[in-house]
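Student: Here's the letter readout for the chains.
2 protein chains.
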Amino acid sequence: METAIFDATLDQLTSGGFARLTMEGVAQAARTGKAALYRRWASKVELVIDALDSTLPRPSDTPDLGSAREELLYLVESFAAVVHSRSGGAMHALMAELDHEQAALFKDFMAQRVIEPTKGVILDILRRGAERGDVRPGAVTSMVADLAPAMLLYRVKICGGQVGPEFATELVDEVMVPLMRN
Amino acid sequence: METAIFDATLDQLTSGGFARLTMEGVAQAARTGKAALYRRWASKVELVIDALDSTLPRPSDTPDLGSAREELLYLVESFAAVVHSRSGGAMHALMAELDHEQAALFKDFMAQRVIEPTKGVILDILRRGAERGDVRPGAVTSMVADLAPAMLLYRVKICGGQVGPEFATELVDEVMVPLMRN
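Each protein sequence line maps, in turn, to chains R and W.
Following my numbering, the numbering of the first sequence begins with 2 at its first residue and continues without gaps.
Following my numbering, the numbering of the second sequence begins with 2 at its first residue and continues without gaps.
Treat each hint with caution, since some may be false.
Heads up, the list lumps identical chains together, so a pair's fine if it works in one copy or across two of them.
Stated by the list, open to error - 25 Å max Cα-Cα, derived BS3-like pairs, lysine-lysine:
#1 158 x 120
#2 108 x 45
#3 108 x 158
#4 35 x 120
#5 35 x 158
#6 45 x 35
#7 108 x 120
Because the hints were derived from the structure by calculation, they are not lab data.
Pulled out of the complex, with its shape left as it was, chain R reads as follows (with noise of 0.2 Å):
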């Protein structure tokens, strides 16, 4: 049922935006009533927010690949495969047509469920890596760790919406694995 429910919610924001998105409506596209909908969720800014989580990759997945080139791979891959995903379109319908108040909710959700956990792990490749000796101790910074959430973001937002299939290799090759060499 949750599943029904988070999928007609990304469904509806992606078709119609988050405006035109109602309780009722998620609510009839998942077969369920709209009092069961609010016994969970407040409003629909929780059951967007809730959807988004239930569906966003979760970058502590990220397994040890014994190097931290396909490490960095797995995890680009990964993200780049949201934007051409379906929480990855309903989150462009979303930021595309909220208000500044609005908008800063889900920017401050983005934050902590997503670009945080990701420098993380991204720190933690780079760390692993420089143990292992296939990373420059001086490539372990916070600078370093940016580089390819914001490449993807900027891609993504400023260049115009698309990333290829042959994004994440590039990244990697071209800058992390230059970068993190000895």
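Please build the complex by placing chain W on the supplied structure of chain R, with the hints as guidance.
Tutor: Relative to chain R, chain W alone:
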């Protein structure tokens, strides 16, 4: 007179935002008449774009300084300075309150006036460095050229709006220099 009009426009933008900016208010602050303003600018959108255009640094002004590191430092410092400048404050106030359609208009302006020429200048710096010998030829790529603008925007828009005086040096010495070296 033009300088006074542009100053008044950026001041009103920074203090009251785009919605409260009026041609009349700008004319008064610049000690001229509303009719004089309308003879040159059909709307406040055009006035604001011209005011920003007049104060934003032109990336084509980056001189040949004999080393890619010095040239990148010069470029990034001039852009980091914009963030804390009068036009940077005005841009920030502007983007925070615009609706989707208005924002798209200013985003196009920023893309054509700032983003694309900056990328061109960085590619020139990288190419010149490759010829000179202080840049690895494999580092002359679109991906590498996007790093500095991506990081600047990321720090400003995602990480809360401030870039310290150490930003340019850190970015160039922790990221660009190790990436460019042979």
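Student: Against each hint, give a clear statement of whether it holds in the structure.
Tutor: Evaluated hints:
no.	hint	verdict
1	158 x 120	both (19 Å within a copy, 16 Å between copies)
2	108 x 45	within (16 Å within a copy, 29 Å between copies)
3	108 x 158	both (14 Å within a copy, 10 Å between copies)
4	35 x 120	neither (38 Å within a copy, 51 Å between copies)
5	35 x 158	neither (35 Å within a copy, 37 Å between copies)
6	45 x 35	within (11 Å within a copy, 45 Å between copies)
7	108 x 120	within (16 Å within a copy, 27 Å between copies)
This entry does not satisfy hints 4, 5, going by the numbered hints stated previously.
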